[in-house]
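Here is what each chain is made of, one letter per residue.
Number of protein chains: 2
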Amino acid sequence: MIAQTPQPPYYAVIFTSIRTEDDHGYSEMAERMVELASQQDGFLGVESARNEIGVTVSYWRDLESIRRWKEHSEHSIARRQGRNEWYQAFKVRIAKVESDYLFERK
Amino acid sequence: MIAQTPQPPYYAVIFTSIRTEDDHGYSEMAERMVELASQQDGFLGVESARNEIGVTVSYWRDLESIRRWKEHSEHSIARRQGRNEWYQAFKVRIAKVESDYLFERK
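For the protein sequence lines, the chains are A and B, in the order given. Here the first sequence stands for residues 86 to 191, numbered as in the working numbering. Here the second sequence stands for residues 86 to 191, numbered as in the working numbering.
The shape of chain A in the complex, shown without the other chains (with noise of 0.2 angstroms):
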């Protein structure tokens, strides 16, 4: 669940939102997100959690492959949606990811 995300440097776009009360196809919706996410070329990994907020962390090999994936019609008709009904608020922030360190347990 923690990405496997190669050698630096990669892009990451971070995700944070207020969600609205309304839940109509949310879920479904995430889900395919995260599916279709997953299929375009230069995904690297995903890593969400939410509670009061949501933050939503995705990574991508470069800049191209961020800006196709928001171009995506399906997203696009989704980011929309969640405009208009799902998110009270949201940031994005894209960042270059320049050095990472990993910690497991034995």
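Some hints here could point you the wrong way.
As the list claims (entries may be wrong) - Going by beta-carbon spacing under 8 angstroms, a handful of chain B positions derived as facing chain A:
{"hint": "1", "residue": "V98"}
{"hint": "2", "residue": "I99"}
{"hint": "3", "residue": "V131"}
{"hint": "4", "residue": "S133"}
Unchecked claim - Here are the simulated lysine-lysine pairs, DSBU-like style, with alpha carbons at most 35 angstroms apart:
{"hint": "5", "chain 1": "A", "residue 1": "K155", "chain 2": "B", "residue 2": "K191"}
{"hint": "6", "chain 1": "B", "residue 1": "K155", "chain 2": "A", "residue 2": "K176"}
{"hint": "7", "chain 1": "B", "residue 1": "K176", "chain 2": "A", "residue 2": "K155"}
{"hint": "8", "chain 1": "A", "residue 1": "K191", "chain 2": "B", "residue 2": "K181"}
{"hint": "9", "chain 1": "B", "residue 1": "K176", "chain 2": "A", "residue 2": "K181"}
Just so you know, these hints were derived from the structure itself, not from any lab. C-beta: ideal position from N, C-alpha, C; glycine also.
Please arrange chain B on chain A, whose structure you already have, making use of the hints.
Positioned in the frame of chain A, the structure of chain B alone reads:
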């Protein structure tokens, strides 16, 4: 709860973790670390959520402020206890935020 960060560029520390069963003192320490981090020079904000995994992203002015926080004595003790007791695995990624976008419902 979405961090009010300044105009990019700035840095993100993406901390993704899987917990052990051992909850001894964990919540108090996690809370204390957020409090302590927010007092450090260069700290810009933090966003955090946990279900199966925990995803915590803290934001910093520059690499120097991240380095100083890593070496903070009380944080160092907490980090050691994290490895010894609280975490099954974790990954830390240091990333430079190049752009961001905020959506807020009217």
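Comparing the hints with the structure gives:
1. V98: violated, 10 angstroms
2. I99: Nearest chain A Cβ about 6 angstroms off; hint holds.
3. V131: violated, 10 angstroms
4. S133: holds, 7 angstroms
5. A:K155 / B:K191: holds, 23 angstroms
6. B:K155 / A:K176: Roughly 26 angstroms separates the two Cα atoms, so the pair holds.
7. B:K176 / A:K155: Holds: K176 (chain B) and K155 (chain A) sit about 26 angstroms apart, inside 35 angstroms.
8. A:K191 / B:K181: This hinted pair holds, its Cα atoms lying about 31 angstroms apart.
9. B:K176 / A:K181: holds, 16 angstroms
Hint check: violations occur at hints 1, 3; the rest are consistent with the structure.
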